[in-house]
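> Protein chains in written order, with my numbering: chain A, 1 to 602; chain B, 603 to 1233.
These aren't lab readings, by the way, just hints derived from the structure by calculation. As the structure is a prediction and not an experimental result, all values here were calculated from the model. Don't take each hint at face value.
As the list claims (entries may be wrong) - Okay, derived cross-link-like pairs now, SDA-like style, lysine to any residue, Cα gap no bigger than 20 Å in a straight line:
#, chain 1, residue 1, chain 2, residue 2
1, B, K972, B, D983
2, A, K214, A, K247
3, A, K61, B, T665
4, A, K453, B, E825
5, A, K247, B, L1093
6, A, K213, A, T296
7, A, K61, B, R909
8, B, K848, A, T148
9, B, K855, A, T148
10, A, K61, B, T661
11, B, K894, A, M76
12, A, K32, B, L849
13, B, K848, A, T296
14, B, K1221, B, R1193
15, B, K843, A, D121
16, B, K843, A, N462
17, B, K1062, B, L704
18, A, K61, A, T296
19, B, K1007, A, S500
Stated by the list, open to error - Ranges between beta-carbon positions, derived for each pair:
#, chain 1, residue 1, chain 2, residue 2, range
20, B, G924, A, F325, 21 to 31 Å
21, A, R246, B, A967, 24 to 34 Å
22, B, T665, A, I192, 33 to 43 Å
23, B, A967, A, A532, 23 to 33 Å
24, B, G924, A, F24, 30 to 40 Å
25, A, N152, B, S766, 20 to 30 Å
26, B, R1193, A, A532, 16 to 26 Å
27, B, E1004, A, F24, 54 to 64 Å
28, B, I1216, A, A532, 51 to 61 Å
29, A, D465, B, Y1003, 53 to 63 Å
30, B, R735, A, G501, 33 to 43 Å
31, A, R246, B, G924, 23 to 33 Å
Idealized CB from N, CA, C, for every residue including glycine.
This is what each chain is made of:
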Amino acid sequence: MAINRARKKDDEEPFKIDFKKISFKEFFSCVKGYGVPTVLAPIFIIMEVIFEVLIPMVMQKLIDQGIGNGTTPPNMTIVWTQGAIMLVLAFGALITGALSARFAAVASQGFGKNLRKKLFDAVQSFSFRNVDKFSHGSLITRLTTDVTFIQNTFMMLIRIAFRSPIMFLFSLTMAVSINWKLSLVFLAIAPIMVLGIAIVGSIVFPLFGKMFKKFDNMNSRLQENLRAIRVVKSFVRENHETESFRKTAADIQRAQVRAERVMVYGQPMVQLCMYVCMVCVIWFGGSMVLNGTGMTLGELNTFISYNNQILMSLLMVAITFVNIFMSMQSAARTSEVLSEYPDINDDHADAELQVEDSSITFENVNFGYNGGEDKYVLKNVNLQINAGETIGIIGGTGSSKTTLVQLIPRLYDVSTGSVKVGGRDIRDYKIRTLRDSVAMVLQKNVLFSGTIKENLKWGNDNATDEEIESACKVAQAHDFVMSFPDGYATDLGQGGVNVSGGQKQRLCIARALIKKPKIMILDDSTSAVDTATDARIRRAFREELKGTTVIIIAQRISSISDCDKIIVMDKGVITDIGTHAELYEKSKIYREVCISQQKGVE
Amino acid sequence: MPGPRSGKMEKPKNPLKTFKKIFNYIGAYKWQLLIVIFATIGSVAANLIGTYMLQNALTIIETYDALTATIEETLARLASQVGIIICVYLSGICCTVLSSRLVLNIQTGTLRKFREDMFEKMERLPIRYFDTRTNGEIMARYTTDTDAIREMISNGIPSIINSSLTIIGAFTLMLIFSPLLTLFVIGMLILMLVAVTIVGGKGSKYFIRQQASIANVNGYIEEYISGQKVVQVFCREDQVKEGFAKLNDEHCKTATSAQTFAHILMPIMGNLSYINYVVTAVVGAVLVVNGKMDGVATLIPFLTLSRQFSMPLTQISQQFNGILSALAGAERIFALMEEPPEVDNGYVTLVNAIIDENGNVTESAERTGKWAWKHYHKADDTTTYVELKGAVEFENVVFGYEENKTVLNGVSLYARPGQKIALVGSTGAGKTTITNLINRFYDVPDGKIRYDGININKIKKDDLRRSLAMVLQDTHLFTGTVRENIRYGNLNATDEQIERAAKLANAHDFITLMPDGYDTIINADGSNLSQGQRQLLSIARAAVADPPVLILDEATSSIDTRTEALIEQGMDKLMEGRTVFVIAHRLSIVRNAHAILVMENGQIIERGNHDQLIAQRGKYYQLYNGMFELS
């Protein structure tokens, strides 16, 4: 088991499971397409078990009646026939065993594939609010570590969970049929063994939980140290850091020893049970044989063979239980994702409705990220933006500028009130229709691995090279793209690592432009672009995007001072609307921002 | 980040050497290790002897003859035999417990040593090491790679030792029983080995493919879940899903093959051992018929032994992949440990000093509040003291992070003690590089940079860095209280000093508003602080260090312009009497600098104070009037 699995921080109680959360129906449906191997794997396992259970019987006959007890020479006919039977059985077991391994691999990998796909698709349907609820990191863990865990358990379920109990039952039946009195030995030992495993388990679980926590601890310390290595070095704190890491490492060792020690002492207990069983069988069985009371030597010998099979399979059953129990937590966490209902959907949409024009209206809009009137971050917003206008929004950190514009493409739904685009409530449009007409360049934007062209085509798959180029020219990206040796075919690498911040922002703008949207929203999208280029972008917007409503959120006054209207926001409220000159007169906040940037009225 | 993903399978390049190095670590426990080996031999022996004894017990029953012995006598013999079996098994169990307990000791202790050494070495590595690798890549040394070694020490090696001993033991016993029959068994054994090699080899091949395909799937998940919001804005859900389905299907295929080979080995080996049994039985029976062998005393125990082969063989082959990836991981760990540490040939140290009215500097054992550089001259065996003032001089510095790619092309500058020097220029112009050099995060050839007139390569790195404080754009706080974070600048700072520093940085007010004031715990990711607040704290941290030279690299970039105006006073107070290097995007905070250096392409193209530069009507003038802005 990999100890350093990526784990969620908020796992206070690592083994506390809420069974109500688990949606078994969802897991069951993941078998789809792999039903046949899922059924065949246990069937072949059962057949393998039958062969395996029969083999000791034949083996015994071969020895007892074939090779004999030394008083008579071996009976070669029996040796040959029983040998042949055993060979057939062994081949049977080999083939069925191999087949069941194959089917189980196909079934469990298929199951894992379906589950992963299901989760991924579910996440794709999530709204911003849904994603915020889980956080990216936790979603990634659920799709990777948790799925692997569940998949392994599924494999176990269709193989071991069938194999062990059936092995146990068959072997026990055989043993009882040979001599029921001697089987009482199992009856005495088995409960002790099960109880022992349960006790060890209950001691070990919380200890392992603690151990995992220590590992989390170490990982976050490491992360911190790596990220802040410049700080560490410039304050000459290397020794200080090493000393405190030593403590962390010692902590881990202690926790690990404490947890695994229990296993070290617990494991031999199982061995002990098996040996005790064996010795009892020999002693009591041996006495029976010698006294001639209802048992032959051959039977005793066979009985011993079953002894091991019975106890081993019992142990496997216990281990399976533990594993299933442990994976329940993963099951609960993935179920949570599957049962999350995407809260922005087309339920009330009119499929035919198209966005007629690019006007935007906010009517008495209140909005909070999580319910509660007192938690509204936008309060009573009324706003009319006419088609084709260019709007600037300015305000301090936390004034809800981003929140306001995110309501337009329905990235979040209003709490009360309504947002209208083209005169219709945005909830009347299909999400696709709405978002195709409203392009938004996010503050935290990303490019994906692939070429520049592939990334730009996100705006429109059918965009021609000319369209792509002209969008890039507007976004002032064409020149630097052409300066790369591969031009538009340049590979960006994951997360767009091969371009600078300003270049990335310009590519993101171009990507949005290729959509040819009716409304274009730029959320602080030119913060890393120099003012001259920024000005050129805005000029190009004015010339090329006539009729498009443009909304610009910016920190720099220069980015918005020439807008048709400027909205000043403070703590979730629109405090003023007007042109630059008007606001400089009447808005204190606006004036202060202007002064702090030392750029008076032109 | 495309760092190496967990479980990435690489063949180790020099397995033997790496194994030796690992062994050096385990070697610290050589006595315990010796006991482990003996205990393992003991437990294997007990298991084999136990099996043999069991057979003996059955023989006692089998050879019971009412004519020669009474039932009671036979029962007594049986009882003593059973007694021996119990003893053998018990001692076996004791051996197992002993060895597993010691292995746990060795394993956790070795790993702890690994982690500690790795961390200590890592802290000594030059910044270049960290700059050229992702954090994820370095983290993997502590997680995936260490984990693989753990698996190898606690499972891989013991199980291989155990399996090999079992095979050797069983083989020896068989040879004793019947050398002739053993020959046949060897034949079967070769067959089994072939099976293991073929199946195991194929399994290995698919295992590597499986690791690669799961890395692709997980990479895709990471990329597109992190960018899920962008996917939504562009309504690309369908295409993204399609892309995922493709990778997912591909992984399903390779993983199915890998898993098939992994699980198919058990039934094959288990049943081959039955086949082996049949063949041996038949051949044995023939031998017995021909009088070459005793059926009861020899053939039956021999048969039992012959079944002991398959399990250990299977186990060895299953451990093989694990050991390979552990060795590959260990190789990467040792590569980190063997990375050359930061070079420091500096011998000029920083000492407490007493300065008399004539300006003579003498060393003091106590803290005086004054510092001096203690400079020993080897040539004439004299020691001179130079007062620490904070004068920094660059003389025609040429520097590049990579060869043939210079970032600084002949930079000369001089900062007098107490001067505020501003560096202005586009990204990539070389501003941050200058601060990297003052700090000796990167080294330049001798004599090019001088601190208080001393070649900085002669100054002990730790002392040099102690005399400088940096406030960076990325703030990097540590998990802990606000107080602890500020104290990071000076571990001996009193609570009053901390508070004073916080007030200076204008952080005191918001700190007192936090739930526990200075004792509020902040997370490393700083989710409970705004970026601006984090920057204020890191300014306070630098203030408490109280160094003569301060470097502010975009230290206020995340503080909005209004707040920045508010803290400007505090900043001015902080900068008073210190040599300060300010790197800033915004021109507002560089205006009152003594000298503004405008950089472009690794060169200083303009220098002078604000008024001079405005009068000059050059680049700075353009910048200032927004005719051009920095990228």
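> Each hint: holds or not?
Verification of the supplied hints:
1. The hinted pair formed by B/K972 and B/D983 fails the criterion: a straight-line CA distance of about 25 Å is larger than 20 Å.
2. A threshold of 20 Å between alpha carbons decides the hint, and for A/K214 with A/K247 the separation of about 11 Å falls inside it, so the pair holds.
3. For the given pair, A/K61 sits about 18 Å from B/T665 by alpha-carbon distance, which is consistent with the 20 Å threshold.
4. The suggested pairing of A/K453 with B/E825 holds, with an alpha-carbon distance near 18 Å, which does not exceed 20 Å.
5. The hinted pair formed by A/K247 and B/L1093 meets the criterion: a straight-line CA distance of about 18 Å does not exceed 20 Å.
6. For the hint pairing A/K213 with A/T296, the CA-to-CA distance comes to about 57 Å; that exceeds 20 Å, so the pair is violated.
7. Restraint check for A/K61 and B/R909: the C-alpha separation of about 17 Å stays at or below 20 Å, so the hint holds.
8. Between B/K848 and A/T148 the CA atoms are separated by roughly 18 Å; this keeps the pair inside 20 Å, and the hint holds.
9. Restraint check for B/K855 and A/T148: satisfied, since their Cα atoms lie roughly 15 Å apart, inside the 20 Å limit.
10. Proposed proximity of A/K61 and B/T661 is supported: the alpha carbons are some 17 Å apart, at most 20 Å.
11. Simply put, B/K894 and A/M76 have alpha-carbon atoms about 15 Å apart, close enough for the 20 Å limit, and the pair holds.
12. Of the supplied pair hints, the one linking A/K32 and B/L849 holds, its CA atoms being roughly 19 Å apart against a limit of 20 Å.
13. For a cut-off of 20 Å, the pair hint linking B/K848 to A/T296 is broken: about 63 Å separates their Cα positions.
14. Distance check on the hinted pair: B/K1221 and B/R1193 sit about 15 Å apart at the alpha-carbon level, within 20 Å; holds.
15. Only pairs whose Cα atoms come within 20 Å are accepted, and B/K843 paired with A/D121 is accepted, the gap being roughly 6 Å.
16. At roughly 19 Å between alpha-carbon atoms, B/K843 and A/N462 fall within 20 Å of each other, so this suggested pair holds.
17. With a CA separation close to 44 Å, the supplied pair B/K1062 and B/L704 exceeds the 20 Å bound.
18. Between A/K61 and A/T296 the alpha-carbon distance is near 12 Å, which keeps this suggested pair within the 20 Å criterion.
19. Between B/K1007 and A/S500 the alpha-carbon distance is near 18 Å, which keeps this suggested pair within the 20 Å criterion.
20. The supplied range of 21 to 31 Å is met by B/G924 and A/F325, whose beta-carbon atoms lie about 25 Å from each other.
21. Distance hint check for A/R246 and B/A967: the Cβ-Cβ separation is about 30 Å, which falls inside the suggested range of 24 to 34 Å.
22. Roughly 34 Å separates the CB atoms of B/T665 and A/I192, a value that falls within the hinted 33 to 43 Å.
23. At roughly 59 Å, the beta carbons of B/A967 and A/A532 sit outside the given window of 23 to 33 Å.
24. Between B/G924 and A/F24, the C-beta spacing of about 33 Å keeps the proposed range 30 to 40 Å intact.
25. The hint said 20 to 30 Å for the Cβ distance between A/N152 and B/S766, and at roughly 29 Å that hint holds.
26. At about 21 Å, the beta-carbon gap between B/R1193 and A/A532 stays in the expected band of 16 to 26 Å.
27. In this structure the hint that B/E1004 and A/F24 lie 54 to 64 Å apart at CB holds, the actual value being about 57 Å.
28. Separation of B/I1216 from A/A532 is about 19 Å and departs from the stated range, judged on CB atoms against 51 to 61 Å.
29. In this structure the hint that A/D465 and B/Y1003 lie 53 to 63 Å apart at CB is violated, the actual value being about 36 Å.
30. A C-beta distance of roughly 21 Å is found between B/R735 and A/G501, which places it outside the suggested range of 33 to 43 Å.
31. The hinted window of 23 to 33 Å between A/R246 and B/G924 holds, with their beta carbons roughly 29 Å apart.
Consistency with the previously given hints fails for numbers 1, 6, 13, 17, 23, 28, 29 and 30, ordered from lowest to highest.
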